[in-house]
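Start from the sequences and build out the full structure, keeping to the hints where you can.
Residue numbers (my numbering), protein chains in the order written: chain A, 319 to 586; chain B, 39 to 289.
One thing to keep in mind: the hints can contain errors.
[What the hints assert, rightly or not] With beta-carbon atoms standing in for the labels, derived distance ranges:
(1) GLU100(B) with SER400(A): 21 to 27 Å
(2) ASN433(A) with GLU173(B): 55 to 61 Å
(3) GLY216(B) with ALA455(A): 55 to 61 Å
(4) GLY216(B) with VAL579(A): 38 to 44 Å
(5) GLY82(B) with SER407(A): 24 to 30 Å
(6) ALA490(A) with GLY82(B): 29 to 35 Å
[Stated by the list, open to error] Computed, partial: chain B to chain A, Cβ under 10 Å:
(7) LYS90
(8) LYS114
(9) HIS117
(10) ALA135
(11) VAL137
(12) GLU139
(13) GLY144
(14) ARG145
(15) ILE146
(16) PRO147
(17) PHE152
(18) GLU153
(19) ARG195
(20) GLY199
Derived by calculation from the structure, the hints in this document are not laboratory data. For each residue, glycine too, the CB sits at the ideal point set by N, CA and C.
Now for the letters of each chain:
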Amino acid sequence: MLEIFQYDFMVRAFEAGIAIGIVAPLIGMFLVVRRYSLMADTLAHVSFAGVAIGLFFKVNPVFTAIGLSVLASFGIEALRNSRRIFGESILALFLSGSLAIAVIILSLSNGFNANLFSYLFGSISTVSNTDLWVTIALAVVVLLDIVLLYKELFFASLDPELAQASGLPVKAINFMMVMLAAIAVAISIRIVGVLLIGALMVIPVISAMQYGRGFFTTMVLSVVFSITSVIAGLFASYYFNLASGGAIVLVALIIFLFSIVFIKAGKD
Amino acid sequence: MQQLAEPYIELNNVSFSYGNNPVIEKLSFTVRKGEYLGIIGPNGGGKTTLIKVILGLLHPTEGAVMLFGKDRHDFKEKHRIGYVPQRVTQTDREFPATVFEVVRTGRIPRLGFFERFTAKDIEIVERAMKTAGIERYRDTLIGNLSGGERQRVYIARALAGEPDVLILDEPTVGVDIGAQKTFYEFLASLNKDHNLTIIFISHDIDAVSQETKTVLCLNHTLVCHGLPRDLLNEHVLERLYGKHTHLVDHK
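Shown next as structure tokens:
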């Protein structure tokens, strides 16, 4: 048995990390194909404001992060449906707006400390038992939704208008998707960190897309890449004392570069 | 007296406007089973808007739309109308989906939420791909196909729902001339051999006059409706497109 697994916190980090590694690219896939990649980053910043609120009121920050990002996801979709603001401007609004809120709350509570650093870049030693169970439970909910509504989510992403003409409630499906994204982001910040969760949702997906396969195969590939990144990243984080989020995303980047080079070499 | 075929789509005094900008005014017509109808008219004359009203994507500001004898609000069998949108030749180049995955979405209107595709669904999807002549592209990414091939993918998608009516919006835009001829033959065989009612929108008057059985000219309101050879004369074209429009006879 490896020494690394003798520590309870490492086992918890691996369990939570793998749960996130499965869910993040699944959601990311739908965001990427809709040209909505920035959504993950936006929701991450909203989650960060949630973390700040949690730290301020001394509640478990994971809960406040989930609550606030789900709330924001509804705000984002409602504004988008009103068609008064461009989609990407809405994301910019929520991204910087929530960061401003987070910074204000943190300066009020003198919260700029090492603890905060772990929320920004991820930390393997801070996953509590409660965090682990919340993460796994919500990851299962997100996973089940995607499995059960796969054909609807796919159709609404491929061609929203055609899907609506076929009788699908496209608006409701979009709301649900953004809400699932909010949950996935919020449960990921402990391990991957606010600033890097967007990368874990997007990079494995764009790596998988390099192989020119269909939607389902691309999705499976992206999950394989993501889990590989999480596991390798957590090992690196433990043995070299690195921030886990950075290590995970760095592995994802290496896979991306390899995918591009590999595909290019294959075509020559 | 000859019995008229069953009415599939009926519009009664339908008007639609975007804000204060009227696009369709007091439009009434009926499409019956087995028809092959071409809709022509100038850009901005309301062709695509009309299709969206029929599909329920837009709600008429006035008038009634009846689909298969039911008011559009009570019409639930969405699969009976297969729709091939105009932009399929331009967009989703990078969308990572195979032809099979796209065509399979045509079965979704027949399935409920959470319901999975059955072996029968897959069989019908395979057959639709065969009818559209794209079965060899089954596992090809849609982004790697030509405009004409993508058009056929979306037709196969519509056919997979086993519709009674097929609506195509500018199906030959982005399709080269050589492929257009085979494409029109394909549509004619769908109408004749598969007994499919077809409505197709086009800016190409020649194609409509030579291919379709009936024609409807739309410029905000109904300019003409009937047999192509009776209607497509200089007088009608002038009302549709303005002066200095001439029919060029292709023989």
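Hinted contact PRO147(B) with chain A - closest CB pair below 10 Å: holds, 4 Å
Whether the CB-CB distance between ASN433(A) and GLU173(B) falls inside 55 to 61 Å: At roughly 59 Å between Cβ atoms, GLU173(B) and ASN433(A) fall inside 55 to 61 Å, so the hint holds.
Proposed interface contact between PHE152(B) and chain A, which counts if any beta carbon pair is under 10 Å: holds, 5 Å
Minimum beta-carbon distance criterion (10 Å), GLU139(B) to chain A: holds, 5 Å
Restraint satisfaction for HIS117(B) [CB to CB of chain A, less than 10 Å]: Hint holds; HIS117(B) Cβ to chain A Cβ min 8 Å, cut 10 Å.
Interface hint for LYS90(B), Cβ within 10 Å of any Cβ on chain A: holds, 8 Å
When the least beta-carbon distance from ARG195(B) to chain A is tested against 10 Å, hint result: holds, 8 Å
VAL137(B) as an interface hint toward chain A, with CB separation required under 10 Å: holds, 9 Å
Hint status (Cβ of ALA135(B) to nearest Cβ of chain A, threshold 10 Å): OK, holds: ALA135(B) within 10 Å of chain A, min 5 Å.
Restraint satisfaction for GLY199(B) [CB to CB of chain A, less than 10 Å]: Cβ of GLY199(B) sits 8 Å from chain A, so the hint holds.
Hint check, GLY144(B) versus chain A [nearest Cβ-Cβ separation less than 10 Å]: It holds, given that the least Cβ distance between GLY144(B) and chain A is near 8 Å, below 10 Å.
Satisfaction of the hinted span 55 to 61 Å by the C-beta atoms belonging to GLY216(B) and ALA455(A): Given about 58 Å between the Cβ atoms, the range holds.
Hint violations for this structure: none, all hints satisfied.
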